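All chains, full assembly: derive it from the sequences and hints.
Chains as they are written, first to last, in the numbering used here: chain A, 1 to 107; chain B, 1 to 277.
Simulated from the structure, these hints should not be mistaken for lab results.
Check the hints yourself; a few may be wrong.
Computed from the model, here is a short list of chain A residues facing chain B with C-beta under 7 Å [stated by the list, open to error]:
1. Arg22
2. Ala33
3. Glu92
Computed footprint of chain B on chain A, listed as stretches where at least three residues anywhere in the stretch have a Cβ under 8 Å from a Cβ of chain B [said to hold, decoys possible]:
4. 8-16
5. 23-32
6. 63-71
7. 77-89
Values in this document were obtained by computation on a predicted structure and should not be read as measured data.
Positions of the beta carbon are idealized from the N, C-alpha and C atoms, including for glycine.
The chain contents come next:
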Amino acid sequence: MTQGERRAGAERLERIIGRVLRAGVTTSSVCLAVGLLWAMAAETSSMPRLLMQTGIIVLLATPVARVVVSVAEYVVERDWPFATLTAIVLLELLASAVAALLFNRRL
Amino acid sequence: MPAVTPALAAIIFTAGAVSGTLGALLGLGGGVFLVPFLNLVLGFPFGVAAAISLTTVIATSSTVSAGRAGRQLINMRLGMLLEVATAGGSFLGGITAHLVAQSVLQRLFGIVAAVVAIIMLTRLRRRNVILDPAAEPGVLGGRYYEDESRTRVTYRVRRLPVAIGASFLAGNVSSLLGIGGGIIKVPILNAWCGIPLRAAAATSAFMIGVTATAGGVIYYGRGQIVPTLAAAAVLGVQIGSWGGMRFGAAASAKWLKILMAAVLFVVSAMMFARGGR
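Spelled out as structure tokens, the structure:
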């Protein structure tokens with residue numbers, strides 16, 4: 001891989017990551033804002049809580065999506081050292097999700 | 001735990017906005033201010049304060065990094081390499097958080113924060129940049145346009161094992177104390193690894209989303225992310241970090257360092273006061 005190719009790949013990845021992060025954070029903020037205002041206005045409905053839960057899950061999923069996109073991009077570029085590193089990060093995040101499920105069952 | 005009223009939501013929203021602004025200015029997650037506020041001032045259990053703070057750290061990271069993407073200030077390759085260490089540290093911290101005495105962690109954090117502040121103050125004038133535009137940054141180094149000197153600056157990464165060790169420690173502290181971990185990474189990357197403060201802060205802000213998620217997911221599983229509190233804090237931090245990002249581009253690196261050191265001393269004193277109880 002030449003220096004120029006690597007730089008073009010890095011710039012494309014940076015743009016894609018920017019889009020993923022913006023989409024995730026916008027979706028979750030809208031869910032949280034609507035849910036919060038709704039909950040403050042009407043305490044009896046269960047919809048606002050559901051909206052806020054959705055917002056939190058989207059927020060937690062956004063960095064995971066960013067890592068998934070990075071793994072895919074490095075695989076496409078055949079940049080194996082970085083494909084491996086980002087795949088390890090993804091596995092660590094999955095390990096956290098498994099730990100969360102275990103804690104959830106215990107509680 | 002206090003009941004969640006509209007007034008409390010408004011207070012948490014405001015606290016989030018202040019933390020977000022300071023966090024964006026300093027390249028920290030902002031959790032360093034939010035955790036003591038939620039725990040000491042509002043009286044929430046430490047676990048809940050840490051969980052809420054981690055949620056806001058993720059939001060700050062995503063917002064700040066989305067805004068900076070395409071400007072080459074974030075060193076993505078270095079960030080992704082160091083994330084292996086931060087996410088691992090954060091995962092371990094997340095599963096051990098409920099086993100370690102909180103007072104021990106608080107005192108340890110107080111010591112670390114004070115040491116890092118002293119390092120920052122002794123290295124105010126270091127620049128870590130190679131002004132020759134033809135210089136090679138290497139595989140992990142970077143190049144970006146610096147507003148202050150109006151040139152493209154290049155830097156190389158030195159002492160990679162130190163950066164990896166600091167990242168593991170930062171990830172660990174992140175999920176144990178509910179902060180982003182930038183408070184540990186940024187000064188070390190800047191002082192010992194040759195990375196300019198601006199690039200270190202941008203790369204750290206990029207990484208802390210993944211770091212905080214590794215810990216945050218575990219807190220979520222324990223049911224400690226209270227939706228209403230998280231919503232109010234996250235929205236406040238979103239607005240604050242947006243404001244801080246605007247202001248941060250204009251502030252000089254020297255003043256950022258002095259401000260950061262002052263903040264670290266205050267945080268250190270607060271941690272000692274709490275840990276001694």
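We went through each hint and held it up to the structure:
Interface hint status for arginine 22/A: upheld, as the beta-carbon distance to the closest one in chain B is roughly 4 Å, under 7 Å. Hint status for alanine 33/A relative to chain B: holds, with the closest Cβ pair at about 6 Å, below 7 Å. Checking glutamate 92/A against chain B by beta carbon gives a least distance of about 4 Å; that is within 7 Å, so the hint holds. Under the rule that three or more residues need a Cβ within less than 8 Å of chain B, the assignment of the segment 8-16 of chain A holds, with 5 such residues.
Counting residues of the segment 23-32 of chain A whose CB lies closer than 8 Å to any CB of chain B gives 5, so the stated coverage by that chain holds, three being the minimum. Beta-carbon proximity to chain B at under 8 Å applies to 5 residues in the segment 63-71 of chain A; the threshold of 3 is reached and the given coverage holds. Counting residues of the segment 77-89 of chain A whose C-beta sits closer than 8 Å to any C-beta of chain B gives 5, which meets the bar of three, so the coverage hint holds.
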